[in-house]
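Visitor: Sequence order for the protein chains is S and A.
Position 77 of the first sequence, counted from 1, bears residue number 77 in the working numbering, the numbering being contiguous throughout.
Position 180 of the second sequence, counted from 1, bears residue number 180 in the working numbering, the numbering being contiguous throughout.
Since the hints were made in silico from the structure, they are not lab data.
Do not take every clue at face value.
[Claimed, not checked] Distance ranges between label pairs, derived from CB positions:
1. S/S185 <-> A/N88: 47 to 57 Å
2. S/K4 <-> A/T192: 32 to 42 Å
3. A/K58 <-> S/H48: 25 to 35 Å
4. S/D133 <-> A/T59: 36 to 46 Å
5. S/I116 <-> A/D135: 33 to 43 Å
[Stated by the list, open to error] Below 25 Å or equal to it, Euclidean Cα-Cα: the simulated SDA-like pairs (lysine to any residue) are:
6. S/K94 <-> S/P212
7. A/K150 <-> A/V215
8. A/K4 <-> S/D139
9. A/K153 <-> S/Y147
10. A/K58 <-> A/G21
11. S/K105 <-> A/Q3
12. S/K153 <-> A/Y147
13. S/K4 <-> S/T121
14. A/K94 <-> S/M1
15. A/K98 <-> A/N117
16. S/K105 <-> S/I152
17. S/K4 <-> A/G60
18. S/K218 <-> S/S185
19. A/K153 <-> A/N2
20. S/K150 <-> A/T36
21. A/K105 <-> A/K130
22. A/K4 <-> S/D106
23. A/K85 <-> A/T121
24. A/K153 <-> S/F136
25. S/K4 <-> A/K70
26. A/K118 <-> S/M119
27. S/K98 <-> S/W19
28. S/K70 <-> A/M1
29. A/K118 <-> S/T125
[Said to hold, decoys possible] Just a sample of chain A residues kept apart from chain S, beta carbon distances all over 10 Å, derived:
30. E22
31. S74
32. E86
33. D106
34. E114
35. I195
36. E202
37. P207
38. G210
39. E220
Glycine included, C-beta positions come from ideal geometry on N, C-alpha and C.
These are the residues of each chain, in order.
Protein chains: 2
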Amino acid sequence: MNQKALWNLSYGVYIVSVWDGERPTGCVVNSAMQITAEPATVAISVHHDNYTNGCIEKTGRFAITVLSEKTEPSIIGTFGFQTGKEINKFDSVKYDLKNDMPIVKDGCAYLVCEVINKMETSTHTVFLGKVLDADFISDEEPMTYSYYHKVIKGKSPKNAPTYIGVENETEENKLKEKRAKYVCSICGYEYTGDIPFEDLPEDYVCPVCGQPKSVFVKKE
Amino acid sequence: MNQKALWNLSYGVYIVSVWDGERPTGCVVNSAMQITAEPATVAISVHHDNYTNGCIEKTGRFAITVLSEKTEPSIIGTFGFQTGKEINKFDSVKYDLKNDMPIVKDGCAYLVCEVINKMETSTHTVFLGKVLDADFISDEEPMTYSYYHKVIKGKSPKNAPTYIGVENETEENKLKEKRAKYVCSICGYEYTGDIPFEDLPEDYVCPVCGQPKSVFVKKE
Chain S
1 MNQKALWNLS YGVYIVSVWD GERPTGCVVN SAMQITAEPA TVAISVHHDN YTNGCIEKTG
61 RFAITVLSEK TEPSIIGTFG FQTGKEINKF DSVKYDLKND MPIVKDGCAY LVCEVINKME
121 TSTHTVFLGK VLDADFISDE EPMTYSYYHK VIKGKSPKNA PTYIGVENET EENKLKEKRA
181 KYVCSICGYE YTGDIPFEDL PEDYVCPVCG QPKSVFVKKE
Chain A
1 MNQKALWNLS YGVYIVSVWD GERPTGCVVN SAMQITAEPA TVAISVHHDN YTNGCIEKTG
61 RFAITVLSEK TEPSIIGTFG FQTGKEINKF DSVKYDLKND MPIVKDGCAY LVCEVINKME
121 TSTHTVFLGK VLDADFISDE EPMTYSYYHK VIKGKSPKNA PTYIGVENET EENKLKEKRA
181 KYVCSICGYE YTGDIPFEDL PEDYVCPVCG QPKSVFVKKE
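With the hints as constraints, model all of the structure from the sequences given.
Guide: Right, here's the structure in full:
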């Protein structure tokens, strides 16, 4: 079995958001798909370890913001590589309330859903949500997971179903091996800019998770 | 609610295949996503009315062929707009057996799965499959659902969760309204070539479902 063949499944990149009782929280999800047309329902997959999972369980509601190709990548860093148990992720982004649910403004569409069914798996819950509200936010192209990997050069959070340790070992990256490589120790983003990493200004921050230059480590 | 906002979710285009006891059969699915990493599991959504659904239920197995941008569009016509109750869809395509399951050769990857859980909805069953085998078939780019709509100009089969009657009323199409438009009455493919439809040779066939020129109807 060549597990890399599973990367040929196509996905988008979404923020699933929810209330924890007191404040909004959420996480990055790539697994979301429409299941029925009338009424419109959507299934999402959320890792048991994600704070968002328990909040959906408790409140019976979730929202989805569809990220666009123009969405600031640091939003993926905040929502994909930090935990809502410790920080208020919505402190760092602009958001709207739609049907009382928090929606990230920097996306291209949103959906508000009410949980009507769920399926448990070994690590993830698949929630089935009836769509209560949906609309476009902008006319930007939706960000695909492939775009996130190929253009933004992002990695999968450890809780993503598509997470595999060696994920970024593509042919393209192997060709660049002559130069010392630096990766963000927080989110796994690999620096691929034209300026050698050592020459970047000291106030350089990871474009995905916003952490400082000092958290980057030389890749062996 | 603007239900069109749901089209901003990203999907691939897949053939889900199965044995019906005597012969291979299958259907087109756009809803497939990896749910867990270890063991690798994948969820697919299949309409109750699809012959494939009952066959998966009966045999507890399914395979997924990931279609590529180079896949012959007529495969989508055969598997998406005809029923396996009446014809042997695999008569018209080359296929391989992997773990005894039929795989369409004209794709870029395949997965063979064993059903380990399912979730029922009003019109579709979400099957959770443990991946038994997976590999690449070619190095072509996976076909996304967006590519199918925008480049191949294909429509959704009526059993697709994303099916909405007015689906192809995009701005782009509205601009072309001055010329008489012809659509395939079988699969809904809309002819958009440079030669006026009336001037096409009599042996022209629908590029999606392979039906003859005579089944095309003028769109009002």
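Visitor: Each hint needs a verdict: does it hold in this structure or not?
Guide: Results of checking the hints against the structure:
1. S/S185 <-> A/N88: 47 to 57 Å: holds (55 Å)
2. S/K4 <-> A/T192: 32 to 42 Å: holds (36 Å)
3. A/K58 <-> S/H48: 25 to 35 Å: holds (32 Å)
4. S/D133 <-> A/T59: 36 to 46 Å: Given range 36 to 46 Å: holds, Cβ gap about 39 Å.
5. S/I116 <-> A/D135: 33 to 43 Å: holds (36 Å)
6. S/K94 <-> S/P212: holds (22 Å)
7. A/K150 <-> A/V215: holds (23 Å)
8. A/K4 <-> S/D139: holds (12 Å)
9. A/K153 <-> S/Y147: With a Cα-Cα distance of about 22 Å, the restraint between A/K153 and S/Y147 holds, given a limit of 25 Å.
10. A/K58 <-> A/G21: holds (9 Å)
11. S/K105 <-> A/Q3: Between S/K105 and A/Q3 the Cα gap is close to 19 Å, so the pair holds against 25 Å.
12. S/K153 <-> A/Y147: Holds. S/K153 to A/Y147 sits at ~22 Å (cutoff 25 Å).
13. S/K4 <-> S/T121: The hint holds at about 21 Å.
14. A/K94 <-> S/M1: holds (22 Å)
15. A/K98 <-> A/N117: At roughly 22 Å apart (the allowed maximum being 25 Å), A/N117 and A/K98 satisfy the hint.
16. S/K105 <-> S/I152: holds (20 Å)
17. S/K4 <-> A/G60: holds (24 Å)
18. S/K218 <-> S/S185: The given pair, whose Cα atoms are some 10 Å apart, holds under the 25 Å limit.
19. A/K153 <-> A/N2: OK: A/K153 and A/N2 at ~22 Å, within 25 Å.
20. S/K150 <-> A/T36: holds (22 Å)
21. A/K105 <-> A/K130: Given that 25 Å is the threshold and the Cα spacing comes to 22 Å, the pair holds.
22. A/K4 <-> S/D106: Since the Cα atoms of A/K4 and S/D106 sit roughly 19 Å apart, the hinted pair holds (cutoff 25 Å).
23. A/K85 <-> A/T121: Status holds; Cα separation ~23 Å.
24. A/K153 <-> S/F136: holds (22 Å)
25. S/K4 <-> A/K70: Holds - the C-alpha atoms of A/K70 and S/K4 are around 20 Å apart, at most 25 Å.
26. A/K118 <-> S/M119: Distance of about 7 Å is within 25 Å: holds.
27. S/K98 <-> S/W19: Holds, at roughly 13 Å.
28. S/K70 <-> A/M1: holds (24 Å)
29. A/K118 <-> S/T125: Holds - the C-alpha atoms of S/T125 and A/K118 are around 12 Å apart, at most 25 Å.
30. E22: At about 28 Å from chain S, A/E22 clears the 10 Å cut-off, so the statement holds.
31. S74: holds (21 Å)
32. E86: holds (24 Å)
33. D106: Consistent with the label, A/D106 stays out of reach of chain S, its closest Cβ about 14 Å off (over 10 Å).
34. E114: holds (13 Å)
35. I195: Answer for A/I195: holds, closest chain S Cβ roughly 30 Å.
36. E202: holds (37 Å)
37. P207: Nearest chain S Cβ is 22 Å from A/P207, so the label holds.
38. G210: Holds, because the least Cβ-Cβ distance between A/G210 and chain S comes to about 25 Å, which exceeds 10 Å.
39. E220: Given that every Cβ of chain S is farther than 10 Å from that of A/E220, nearest at about 24 Å, it holds.
Checked against the numbered hints given earlier, this structure breaks none of them.
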